[in-house]
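In order, the protein sequences belong to chains A and B. Heads up, the first sequence is in our numbering, so the first residue is -7 and it goes up one at a time. Heads up, the second sequence is in our numbering, so the first residue is -7 and it goes up one at a time.
These are calculated hints, taken from the structure and not from any lab test. Do not take every clue at face value.
Put simply, identical chains are the same to the list, so a pair is met inside one copy or across any two.
[What the hints assert, rightly or not] In the SDA-like style, the derived pairs of lysine to any residue whose C-alpha atoms are separated by at most 25 Å in a straight line are:
(1) K246 <-> D325
(2) K27 <-> T163
(3) K246 <-> I113
(4) K37 <-> T170
(5) K246 <-> Q20
(6) K37 <-> T163
(7) K320 <-> R256
(8) K316 <-> L58
(9) K246 <-> A112
(10) K320 <-> R243
(11) K316 <-> D260
(12) K27 <-> Q321
(13) K316 <-> D328
(14) K37 <-> E176
(15) K37 <-> L175
(16) K246 <-> A41
(17) K246 <-> S38
(18) K37 <-> A173
(19) K246 <-> G115
(20) K320 <-> T261
(21) K316 <-> R179
(22) K320 <-> P44
(23) K37 <-> A164
There are 2 protein chains.
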Amino acid sequence: MATIVPLNEKRDAEAENRRPNLDALLAQIDGDLRKVNQHILDHMKSPVALIPQLAGHIIAAGGKRLRPVLTLASAQLCNYEGDRHIALAACVEFIHTATLLHDDVVDESDLRRGQASANAIWGNEASVLVGDFLFSRAFQLMTADGSLDVLRILSDASAVIAEGEVLQLMTANEPTTTEEAYLEVIRSKTATLFAAATRIGAVVAERPAAEEEALESYGMNLGIAFQLIDDVLDYSADQRALGKTVGDDFREGKVTLPVILAYRRGDDTEREFWHRTIERLEQEDGDLEEAMRLMTSHGTLTDTVDRARHYCSVARDALGIFPKGPIKQSMTDLVDFVTDRAY
Amino acid sequence: MATIVPLNEKRDAEAENRRPNLDALLAQIDGDLRKVNQHILDHMKSPVALIPQLAGHIIAAGGKRLRPVLTLASAQLCNYEGDRHIALAACVEFIHTATLLHDDVVDESDLRRGQASANAIWGNEASVLVGDFLFSRAFQLMTADGSLDVLRILSDASAVIAEGEVLQLMTANEPTTTEEAYLEVIRSKTATLFAAATRIGAVVAERPAAEEEALESYGMNLGIAFQLIDDVLDYSADQRALGKTVGDDFREGKVTLPVILAYRRGDDTEREFWHRTIERLEQEDGDLEEAMRLMTSHGTLTDTVDRARHYCSVARDALGIFPKGPIKQSMTDLVDFVTDRAY
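For reference, chain A alone in the conformation it holds in the complex (with noise of 0.2 Å):
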């Protein structure tokens, strides 16, 4: 089922090596990380067995803990040597797990991260309620904190988050879907979280605005690129690496840029195609692979990478006002990380 597509064939020992990892900001920060593992455990709890039972199933099971990961970087970056940056990345987690449970229901998925998701196991109607739960207990974290800054900075991402995804599915199914629209989308339902998960920070370390406004910059570049190589990898990885079977975005008929780009570069042949295919749903055995045929002669995954090193680019250099040194680095690394996923 799973087909490799050439992305993944320049894959060697050598440049394994040589490929920019997450060790170094890993350990950096795993002190902290812990804290905010641990803060996590500790504020899932409740009397109603099921919550965190299901919570733990979906936060648990991992993932790249990447926002609080981006939260207590930047804290680190910006100085910053109290404790409130755990809860608070505990809260921008609690805000993330929230969105892919009712994710979930929303695309039906059955896998989220290789296992079975939450709303598979459980059904849908546990998932909306404890997406709730952690959604309410983020608020009360955040309220805990006592900063009405960080308050509007996680409320008002919550709402973009929450528009973005509206404004996907009003998009779904529609080849047609412009590059711009297709851009809102992911810097609303994605990035928005990545810039306010770095925001905060700058904000707890109380730093002046422009490194607060360097650090959202960071985030949301950040954010946009790893959208665009995740909508990639849904056309290359293999079900092992990335957690979800290929082709789940074109059975769902999800439009990512690499099917809007080979929509706009195709013929009227290829243009019928994706309306059968994405539009109406009507696909039929071969239809991934003639749809992966078509963006690969269009090179419309590779471009996608290309756009993706654009926000990589844009995102490197807004970290530029604060001074060299190892967090930095690693910062930068990260950025490199993100786009390398697709190789």
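Given chain A, work out where chain B should sit, using these hints.
Chain B only, in chain A's frame:
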């Protein structure tokens, strides 16, 4: 289809005139309630057109606006003279609406207040996401208000509501549920938001803790009574009056106090009837009528109304510390109105 149980037969023109109504209360807060309605309309705007469409469908459809009414009345009882209660009453309604949208997804309801429910028109996905948007919007409004006390009350309430909904899901279709467990569910999922709505009236007026607690107790006990009566009405109201189909709860196998009491008071044959219809959902023609016959023969509908009266008494006494006056009188009448709905 709609079977009218004897509870409704007491109605006559004369009694109708004596019945408590909300007219005085609504007249007292009329100016404020108009402002709340405007605030709701202004703040459910979004560039994503589906959001005001869907939110407008459920919010503009009306309903009783009972929770914002409670905030406005409580603020007036506390002689509050500012305008913070307007935005905060809108927050309470946004949170309520978000839970309704998610509830309808969980319950797979096709009707809400006599109209097609949002999920029936726009699908579950949109209802989940617009619910998330309204929830986020509520926290944006609270953050703009700037009171950490209010943020604490409503984020705590939101978490408890979600816990209550999950608890209800876990006890669903279980006729052996205890009365205590059922009360815990309705206290969490319904009464907690009533209590938050009333308490906020005292908070904005900066009244002493004793008055905050009194109003919280009033809201909590009123909320419990309200939900108990709602559960009775599901077996007695005609669809036009309630905006629901008689027997919805039964068909979904929802365990409410009238069922719990009928199960406990029934013999083995009757208990097997409840296991078959409520637990295994193996329902046949005539089962709803049989369920209502069993409830009537054991007096469980009237006894549920009596249980509600108990909470109404507590709610009335909670207001005792406030000086007499027209708004206190109206809030007391509201308590009578809630139980009177069952007749």
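**List of violated hint numbers, smallest to largest** = 1, 2, 5, 7, 10, 11, 20, 21 and 22
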